[in-house]
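There are 2 protein chains.
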Amino acid sequence: MLLVNGQLQDSVPALDRGLSYGDGLFETIRLLHGHAPLWARHMQRLAFGCERLRMPRPDAQQLWQEALQAADGLADAVLRITLTRGSGERGYALPAITQATRIVAAFPMPLMTAGAYCDGLRLHQCTTTLAEQPLLAGIKHLNRLEQVLARAEWNDPALAEGLVCDQHGRVISATAANLFAVIDGELVTPSVERCGVAGVARAELLHARPDCRVRDLPLTECLRASELFLSSSVRGILPVQAVANTVYAPGPVTRAVQRYWQGLGFPMEQA
Amino acid sequence: MLLVNGQLQDSVPALDRGLSYGDGLFETIRLLHGHAPLWARHMQRLAFGCERLRMPRPDAQQLWQEALQAADGLADAVLRITLTRGSGERGYALPAITQATRIVAAFPMPLMTAGAYCDGLRLHQCTTTLAEQPLLAGIKHLNRLEQVLARAEWNDPALAEGLVCDQHGRVISATAANLFAVIDGELVTPSVERCGVAGVARAELLHARPDCRVRDLPLTECLRASELFLSSSVRGILPVQAVANTVYAPGPVTRAVQRYWQGLGFPMEQA
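Just so you know, the protein sequences line up as chains X and H, in that order.
One rule links them: number in my numbering = place in the first sequence (from 1) + 2.
One rule links them: number in my numbering = place in the second sequence (from 1) + 2.
No wet-lab data here; the hints were simulated from the structure.
Wrong hints could be hidden among the right ones.
Claimed, not checked - Pulled from the structure, derived: some chain X residues nowhere near chain H, Cβ distances all over 12 Å: (1) 22; (2) 24; (3) 42; (4) 70; (5) 93; (6) 101; (7) 117; (8) 127; (9) 146; (10) 153; (11) 156; (12) 193; (13) 209; (14) 226; (15) 261.
Claimed, not checked - Using C-beta positions, here's what the derived DEER-type ranges look like: (16) X/169 / H/217: 13 to 23 Å; (17) X/49 / H/36: 20 to 30 Å; (18) H/258 / X/46: 48 to 58 Å; (19) X/117 / H/209: 54 to 64 Å; (20) X/113 / H/9: 32 to 42 Å; (21) X/101 / H/169: 48 to 58 Å; (22) H/247 / X/98: 42 to 52 Å; (23) X/117 / H/112: 52 to 62 Å.
All figures in this text were calculated on a predicted structure; none of them were measured in a lab.
Just so you know, even glycine gets a beta-carbon here, dropped at the ideal spot from N, CA and C.
Chain X with its partners taken away, still in its complex shape:
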């Protein structure tokens, strides 16, 4: 079901700045039986994005009501909340008064491939690299052509995700998930200060695992990790089985993080 500014409708003005310039933000949220375990973190990131883009903060309570309405009848749903700067005069200048556009959509949670949580995913190694733009790094904005291009690199359904680096050969993330590695016994996740998205699942794990180091992660180092896993607020904790020809096995850190994730209320059937 789809709500635009609280109304049951499936269209937006063709001149909305969200479409004209990608001028806005989004969140994808898992909603289980009317409960979104990471809701507060999603709203926190959305508010942070609004500050960065100089957009008015949305009313989180209103979004929650609309989320429940959109997901009506779905026991296990993926919400997509999109917030744009709305319409305005032609041109890049900010409208004198912003009338944001609010889109709340709910989809049935897709079935994960069998064994994804147990054995893990195989990853394509993307040649598309991410540009460094500290002004936009971390937030989940609507300028996602780099991710579209990276995801367009492969068609093989056996490859569930792609590993994406910046232009200096540092691993940043998957196309639609953050990444964690165990290197020399230490849990590491790449910095997202210059590019990448500061995932809500990543934020939750950094909270749960204060021993995790946030730092630059050269690809060469990543490839010799003893464990590698992805984090996604929708899909949960997914071990990485292989990046191109480099093979990994889910280890004790990955399994502990998966148990933590289940403890939050997210089912991961195979884990």
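Put chain H on the given structure of chain X with help from the hints.
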């Protein structure tokens, strides 16, 4: 007037990838009494963008018919043609079959401030810098948050544009126009291989002035130019009067280029 896929309507599906990811391209085109002098170049850039983004090429003849229909009754119009990858499954992966969304909108040509063509514009010097992404450089895609942020830096209506550099202190363009400089008697325009848009007006001038050098242009060099002007397929050739506190006077090269522009059929009342 506004056409979406050839139909008189002012809305698009809320889940269009143009809005979800900025997954598409646009052109802004000046249409004078049913004539667009640079139409062929606009169509050429659009086709090039489609190739880069792996989108099907639009039917230029169909776009032209829709442009005329949208501009009905406007003697002097700005067209905005937007082409998105349309709707698809949730997620970055390309749809199996792309059903592009085509938006053709016409606006009355805005009045230029008095003296813009004669005396020139004053420019803000933007602190927002452009990230380098060769995969997206040159094309006019819908990921324009950098331009939105750069344009949001000033409110003073006396400043008509902003000078934007890359992260290495090289001048790239204005927020919505390309830039040319005369340095040591030589006409120069910045390379747009790593960031920036390859403007249609810029392409026309490069054709008309084979003596113009395309190269990197450090800000320090740009500030000591003897002439500086902007090129825009909508606004034409605009002398730069000042960048922050650095003052310029329109010189013979700028005036020659303005005359060339008028010869193409674009009125520039004050020039």
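Results for each hint:
1. 22: Non-interface label fails for residue 22 of chain X: nearest chain H Cβ at 7 Å, not farther than 12 Å.
2. 24: 3 Å, violated
3. 42: 23 Å, holds
4. 70: At about 18 Å from chain H, residue 70 of chain X clears the 12 Å cut-off, so the statement holds.
5. 93: 7 Å, violated
6. 101: 15 Å, holds
7. 117: Correct as stated: the minimum Cβ-Cβ distance to chain H is 20 Å, above 12 Å.
8. 127: Its Cβ never comes within 12 Å of chain H, the nearest being 16 Å, so this holds.
9. 146: 4 Å, violated
10. 153: 4 Å, violated
11. 156: 9 Å, violated
12. 193: 16 Å, holds
13. 209: 27 Å, holds
14. 226: Non-interface label on residue 226 of chain X holds, nearest chain H Cβ at 28 Å vs cutoff 12 Å.
15. 261: 27 Å, holds
16. X/169 / H/217: 13 to 23 Å: 21 Å, holds
17. X/49 / H/36: 20 to 30 Å: 48 Å, violated
18. H/258 / X/46: 48 to 58 Å: The hint (48 to 58 Å, Cβ to Cβ) holds, given that residue 258 of chain H and residue 46 of chain X are roughly 56 Å apart.
19. X/117 / H/209: 54 to 64 Å: Given a distance of about 58 Å, which is inside 54 to 64 Å, the answer is holds.
20. X/113 / H/9: 32 to 42 Å: 36 Å, holds
21. X/101 / H/169: 48 to 58 Å: 33 Å, violated
22. H/247 / X/98: 42 to 52 Å: Violated, at about 28 Å.
23. X/117 / H/112: 52 to 62 Å: 59 Å, holds
Consistency note: the structure conflicts with the earlier hints numbered 1, 2, 5, 9, 10, 11, 17, 21 and 22.
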